[in-house]
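In order, the protein sequences belong to chains A and B.
Note that my numbering has the first sequence beginning at 1, numbered continuously upward.
Note that my numbering has the second sequence beginning at 257, numbered continuously upward.
Derived from the structure by calculation, the hints contain no laboratory data.
Built from N, CA and C at the ideal position, the CB exists for glycine as well.
Mixed in with the good hints there might be a few duds.
[As the list claims (entries may be wrong)] One-sided and incomplete, this derived list gives chain B residues near chain A with beta-carbon spacing under 7 Å:
id, residue
1, Leu317
2, Gln321
3, Pro345
4, Pro356
5, Ala389
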Amino acid sequence: MRKGLPPLAAFLVGNALWEALTHLLQVPLYLLPPPSRIAAALATHAAPLSRGALLTGQAAVSGFVLAATVGVAAGVLIASARWVERAVYPFTVLLQTVPLVAIAPLLVVWFGYGVRPVAVAAFIVSVFPVIVNTVTGLRSVDPPLEDLFRLYGASCWARLVKLRLPWALPAIFAGLKVAAGLAVIGAVVGEFVASYAGEDAGLGMLALTFARESHTDRLFAAVGLASLLGLALFVGVGAAARLALRHWHASEQERP
Amino acid sequence: MGAEAQAGGAQVELEGVRRVFPGGMVAVEEVTLTVAAGEFVAILGPSGCGKSTLLRLVAGLDLPQAGRVRVERAQGRVAYVFQDAHLLPWRNVLANVELPLELKGAPRGERRQAAQAALAQVGLGDALQRFPAQLSGGMRMRASLARALVTEPRLLLLDEPFAALDELTRSRLDEELYELWRRRRMTVLFVTHSLVEAAFLAQRVVVLSPRPARVVAEVGVALPEARTASLRTTVAFNQLVRRLAGVVREWGTP
Numbered sequence: 001m002r003k004g005l006p007p008l009a010a011f012l013v014g015n016a017l018w019e020a021l022t023h024l025l026q027v028p029l030y031l032l033p034p035p036s037r038i039a040a041a042l043a044t045h046a047a048p049l050s051r052g053a054l055l056t057g058q059a060a061v062s063g064f065v066l067a068a069t070v071g072v073a074a075g076v077l078i079a080s081a082r083w084v085e086r087a088v089y090p091f092t093v094l095l096q097t098v099p100l101v102a103i104a105p106l107l108v109v110w111f112g113y114g115v116r117p118v119a120v121a122a123f124i125v126s127v128f129p130v131i132v133n134t135v136t137g138l139r140s141v142d143p144p145l146e147d148l149f150r151l152y153g154a155s156c157w158a159r160l161v162k163l164r165l166p167w168a169l170p171a172i173f174a175g176l177k178v179a180a181g182l183a184v185i186g187a188v189v190g191e192f193v194a195s196y197a198g199e200d201a202g203l204g205m206l207a208l209t210f211a212r213e214s215h216t217d218r219l220f221a222a223v224g225l226a227s228l229l230g231l232a233l234f235v236g237v238g239a240a241a242r243l244a245l246r247h248w249h250a251s252e253q254e255r256p
Numbered sequence: 257m258g259a260e261a262q263a264g265g266a267q268v269e270l271e272g273v274r275r276v277f278p279g280g281m282v283a284v285e286e287v288t289l290t291v292a293a294g295e296f297v298a299i300l301g302p303s304g305c306g307k308s309t310l311l312r313l314v315a316g317l318d319l320p321q322a323g324r325v326r327v328e329r330a331q332g333r334v335a336y337v338f339q340d341a342h343l344l345p346w347r348n349v350l351a352n353v354e355l356p357l358e359l360k361g362a363p364r365g366e367r368r369q370a371a372q373a374a375l376a377q378v379g380l381g382d383a384l385q386r387f388p389a390q391l392s393g394g395m396r397m398r399a400s401l402a403r404a405l406v407t408e409p410r411l412l413l414l415d416e417p418f419a420a421l422d423e424l425t426r427s428r429l430d431e432e433l434y435e436l437w438r439r440r441r442m443t444v445l446f447v448t449h450s451l452v453e454a455a456f457l458a459q460r461v462v463v464l465s466p467r468p469a470r471v472v473a474e475v476g477v478a479l480p481e482a483r484t485a486s487l488r489t490t491v492a493f494n495q496l497v498r499r500l501a502g503v504v505r506e507w508g509t510p
């Protein structure tokens, strides 16, 4: 409870300042609406915005889950042998550098409009940190423990499941936390191109529409919701990390 | 496997063993050494002299470029204790000690029982559910020792196991280890840079040179079979330590 107080206070003070300054300086509404207008827009457009948030959330979560699964699997594969790493790793880096906005139209060609291409866009931007962190985690396994498993004749599978993956877990979670925020960003950018308009518009498409119509207050409302989505996903991953690591990893232990 | 181990241990033979690391650094040079079944041998040498490499070669975790390493009558029961505890931090003490049996495919009930017995032996019988992060350094080392004992090893390899502990804990653990060996009579190779520890534990002390490791002296220990804390204050013990110190100085080890 007490931990939530400082950010809440900062939020309220920040909004109060924003509200006061926009009135005082008579900032035009299409440039920067005050928080009260944004709240009002949120209320009057609750239906399309909540529907949009649901769609974007769906796509982001699907993309994120896919990125977590594929990312960890790819990380395990890459860390399994040097030659695999040399063959595959450069291309995963390429994945990171490819401009999403430029390939979004390609996703439409492949997957049509709707949730699917958007989820794929979320996947593309969020998979990289998962791969990199998984590889780093698997690489950092304590050598004496590797020796111990070898000495007791552990199979490859036992080594992976009982030693390497648990050892890499803190790093994997760090990757997933980064991926959570990126997945929402990827989904919103994907929607700029690949979302349906109208009834089934996601937050990205709504934001684009509102911007064209110069409804800056609604635009802010859509952007705010998208940020909240990212935050929710991040908090979810954080809770999972705490649950998995609290007994044994310093990153999730209470400090006195 | 019952709680009481059958007597006897493995026999170890090293013959002209040489290990060179990539880059040309010679860690072990021409080491020839025979350890009889059930013998407790301390390997004494300065830090970084290649003692650990020697132990890894005996364990089969590393291969020599030249020479032969033969371990007989081990029946696959070789255990290794590292300088630090190296427990799995996500497992509690009991599950950590169960690990070797789990990897060998022992049924759940059997390995649980064996782990509890091993933990009782090292005095950790009431810390089964605790995680490594909640233990003191000494307790972690005890758990690590229990993990090695749980397979009822016929060859126990210890690589400066108590070096990171405080003096009091170390002496206590030395005494307990000695008692364990007296009861079980497994073959023990104990690597250390402590003269006192080597003298207290071993039947024979093998002194190694600075890198590359060579055997430069072997000192038989003629101390009574029963060794307790009070042994360390006896004249005979201190004479032995002084003699070891003399050997070590003579060969230029720090």
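Each hint, compared with the structure:
no. : hint   : in the structure
1   : Leu317 : 5 Å, holds
2   : Gln321 : 19 Å, violated
3   : Pro345 : 4 Å, holds
4   : Pro356 : 5 Å, holds
5   : Ala389 : 6 Å, holds
In this structure, only the earlier hint numbered 2 is contradicted, and the remaining ones agree with it.
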